[in-house]
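There are 2 protein chains.
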Amino acid sequence: MDGILDEVLRRIKPTQEDIRFVERVASEIIQRTGEAISRLGFSAKTMLVGSVARGTWLRHDPDIDVFILFEETLTREELEQRGMAVAREVAGPAGEEKFAEHPYVTMKFHGLDIDLVPCYDVADPRRIKSAVDRSPHHQRYVKAKLTPQLADEVLLLKQFASGIGVYGAELKRQGFSGYLCELLILHYGSFSKLVEEASKWVPGEVIDILSYYSDKSEPKLIFENQPLVVVDPVDPGRNAAAAVSLQNFSIFVRACQDFLDRPSLRFFFPKRVKLLTPAGLDRILKRRGTRLFCIIFRSPQVVPDVLYPQLRKTERAVVTRLAQEGFEVLRSDVWADSISVILVELAVSKLSGVKTRVGPPPNISAKDFIQEHLSSRNCLAGPMVDAAGRVIFEVKREWTDALALLKDIMSQRISFGKHVSEAVSQRYRIYEGEGLKKLLNESGFREFLSEYLTRRLPWYR
Amino acid sequence: MDGILDEVLRRIKPTQEDIRFVERVASEIIQRTGEAISRLGFSAKTMLVGSVARGTWLRHDPDIDVFILFEETLTREELEQRGMAVAREVAGPAGEEKFAEHPYVTMKFHGLDIDLVPCYDVADPRRIKSAVDRSPHHQRYVKAKLTPQLADEVLLLKQFASGIGVYGAELKRQGFSGYLCELLILHYGSFSKLVEEASKWVPGEVIDILSYYSDKSEPKLIFENQPLVVVDPVDPGRNAAAAVSLQNFSIFVRACQDFLDRPSLRFFFPKRVKLLTPAGLDRILKRRGTRLFCIIFRSPQVVPDVLYPQLRKTERAVVTRLAQEGFEVLRSDVWADSISVILVELAVSKLSGVKTRVGPPPNISAKDFIQEHLSSRNCLAGPMVDAAGRVIFEVKREWTDALALLKDIMSQRISFGKHVSEAVSQRYRIYEGEGLKKLLNESGFREFLSEYLTRRLPWYR
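Those sequence lines, one after another, are chains U and W. Quick note: the first sequence uses this note's numbering, first residue 1, plus one each step. Quick note: the second sequence uses this note's numbering, first residue 462, plus one each step.
These aren't lab readings, by the way, just hints derived from the structure by calculation. Where is the CB? At the ideal position from N, CA and C, for every residue including glycine. Any given hint might turn out to be false.
To be verified - Per the computed footprint, the stretches of chain W lying under chain U, defined by three or more beta-carbons under 8 angstroms from a beta-carbon of chain U, are:
(1) 608-618
(2) 711-720
(3) 805-812
(4) 911-918
Said to hold, decoys possible - Result set (BS3-like, lysine-lysine): computed pairs, CA atoms no more than 25 angstroms apart in a straight line:
(5) U:K172 x U:K418
(6) U:K355 x U:K286
(7) U:K367 x W:K654
(8) W:K828 x U:K193
(9) U:K350 x W:K868
(10) W:K506 x W:K606
(11) W:K747 x U:K407
(12) U:K274 x W:K816
(13) U:K286 x W:K811
(14) U:K45 x U:K193
(15) U:K355 x W:K747
(16) U:K396 x W:K811
(17) W:K590 x U:K274
(18) W:K633 x W:K559
(19) W:K898 x U:K396
(20) U:K350 x W:K811
(21) U:K350 x W:K816
Only chain U is shown next, with the shape it has when bound in the complex (with noise of 0.2 angstroms):
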């Protein structure tokens, strides 16, 4: 195992000259900003946060985030307007607004991606005004306690996540942050063990690093229905692991299993999904022998944080009903750049006309289920009783048709996400089966679509 992580370091570490090169940058941008704080004459500190300041960045990802941290006394009006007045001074031309929580913005400096994020300079963390007041306090944890060896651990740790595919704690991927990673090698001291023991994992697992919880069942009453709870050392009524899915914590549990049965640098570097041709396309929904819809519409102009879990709440919205309806789920998927996509496959598109409604057995009364039943004009058969003694009726199925009933369900838009009902009700359009060829030129959705349909478990490729 050592060889591999060995090899892994070699790859993913900075050099002397990639560190060099970043620091250069990092340094002038703080420069650049204090200036314009006192250019426009605020009263704000400059820090460097993130895992650049951490010495915890991967050679491919230099991260430099650029906190400007106003006193606590101002208004949230004031902080956002002084707070993006000094980010636009600094960006220039070249800057980008954003809105997650707060504003920020974003900008390309030498070539790096380089945010922006006014906040509080709160004392204590546990009472910070919002999330991004708590970075500055992550930083300076971090950076008191992580020695160089162990930022090589981070390292391997971090590539491992972004390997099997659940490094980010963004909203898009429900995964690991880098501060999570920070925290769990500080815990157990070195990839290698941590490995062992997340092996083990099981829902529900609570790391409480600074023991703050003595009694065991404290922090499961607080973080309940999480996977996976670490509790924040700068706050301790904070769940650091909070964005990680149940989903993406089994999938590292596994990875972590099958890593220790065979340790490989696959777990780190997956081979790439193959890109479906048009022919492949046919060949794979042929032998699926399903029936795969994409509604496509444009995506609405939000950040991926508030995009995403519309998206998911959209295809929950759409799964549900197709479901109620009696159209079976095989599965279902999001994605979005320019365009969104919400994706269904349906393992039937056409159903009889029959939907058998059960009513009560011998002993309860079941008058009032069969006039109402009587009643209804769709009423095919029944009142019958069957072989466990239950009045039965057979009625008339609402909708036989999928792509009629989707139709009908992407008019309605119930439960939808806000903007993506917004979005859908301007323009939609259903692809199906062989028209999803048509989209093979969007590059990007080529690449999710052959992922969705061969799918895989990163390391298993």
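Got chain U sorted already, so can you dock chain W onto it with the hints?
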């Protein structure tokens, strides 16, 4: 309600003329049987049993059962030889030999159906050698208790059970025997009292006429899992209602509830099923949009009490296998006269090529599950992890076409009834959808199919 019951009695109660005729025929056949016994030099008694003997016969259904009672000292072989010799002597060439549990002879005499049944004359009904030996005891018990007024109430109950489709203990019907009807009237005292009480029955109902089981829990232990228990007064170890299926029990209870609610002649004389024309069949099949298959073969040469359980067993085997392979069976049924029919109606007859195999949750090793599926040629996608954290695979479904699967089931004949399996192995055909029109000339089948497709509890027709 009384007016209705009077009208029913008026229609079903034999007139004085009917009674004189039937009694003359009965005594003539009894006399002939006695003569035959003397002529053959046997030592045996004759006894008229059944509804005619008790005055509980429906005008249109006089049922004359003559029992020939031999001494217990005979071997089974001697009993059958001598009994059948007597029966043949009585019936002459008009007789037809049948075999249920034991051989007996049926004949027509002055236009009436007569059964000649040899049995042992057993003093203690708890020591009988076979079920037929119990009939003379039932005869004596009922004859001693039943007043002419109670006999009228029995007629009402028999007609009611017949009208709602649950009259007859034969295995084709699994309903209420004539004897059971008599016991219920003896217990409750009148038809209307029975209806009132039965409307409150729940499965597991125990009626212990002679209060043989003083400890309430005892009969439930002996007669476990039987929807209705009526302790036989001549043999308390026997449930006189053992034949009643949960389905028919439930139909009876529902009928009683509905009759109390709205008494009507419909319960006694339901509308007949409308026979479907070929065009009507087309219409209804189109409306249902299901796939209706009838597996048809020549009926094996066995009595209905042997054939029907085998047909149902075969039906279960077919339905179970279809369901295992993913084909949802909406309803199924069996029917027979010279041909036998197993009907299965499917919601969908073509399935997708993909079947999802769900593996263990996150806390259980998935190693074997993954290895087994990865090495299979049928693996389409996976291993994946679903939202619940379980490992899943998608594998190629073995059967995607219901007709092909049905043919496979018919060639394997696993868990089929013995005689049915033999008959099917000779030849069978599968008719489907519009193809069923060819069979509408078979009037019995036509009625069966018409009833199946428009099924409704008879009093709702």
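Consistency of the hints with the structure:
1. 608-618: violated (count 0)
2. 711-720: holds (count 5)
3. 805-812: Since three or more residues must qualify, the claim that chain U covers the stretch 805-812 of chain W holds, with 5 doing so at under 8 angstroms.
4. 911-918: With 5 residues close enough to chain U, the hint holds.
5. U:K172 x U:K418: Given that 25 angstroms is the threshold and the Cα spacing comes to 17 angstroms, the pair holds.
6. U:K355 x U:K286: violated (29 angstroms)
7. U:K367 x W:K654: Given that 25 angstroms is the threshold and the Cα spacing comes to 21 angstroms, the pair holds.
8. W:K828 x U:K193: Roughly 21 angstroms between the alpha carbons, so the hint for K828 of chain W and K193 of chain U holds.
9. U:K350 x W:K868: Satisfied, since the Cα-Cα distance of roughly 24 angstroms is no more than 25 angstroms.
10. W:K506 x W:K606: Measuring from Cα to Cα gives roughly 23 angstroms; hence the hint holds.
11. W:K747 x U:K407: With a Cα-Cα distance of about 24 angstroms, the restraint between K747 of chain W and K407 of chain U holds, given a limit of 25 angstroms.
12. U:K274 x W:K816: Holds - the C-alpha atoms of K816 of chain W and K274 of chain U are around 23 angstroms apart, at most 25 angstroms.
13. U:K286 x W:K811: Within the cut-off at roughly 14 angstroms; holds.
14. U:K45 x U:K193: Violated, at roughly 38 angstroms.
15. U:K355 x W:K747: This hinted pair holds, its Cα atoms lying about 14 angstroms apart.
16. U:K396 x W:K811: holds (20 angstroms)
17. W:K590 x U:K274: violated (76 angstroms)
18. W:K633 x W:K559: holds (17 angstroms)
19. W:K898 x U:K396: holds (23 angstroms)
20. U:K350 x W:K811: Between K350 of chain U and K811 of chain W the Cα gap is close to 10 angstroms, so the pair holds against 25 angstroms.
21. U:K350 x W:K816: holds (18 angstroms)
Of the hints listed earlier, those the structure fails to meet are numbers 1, 6, 14 and 17, in rising order.
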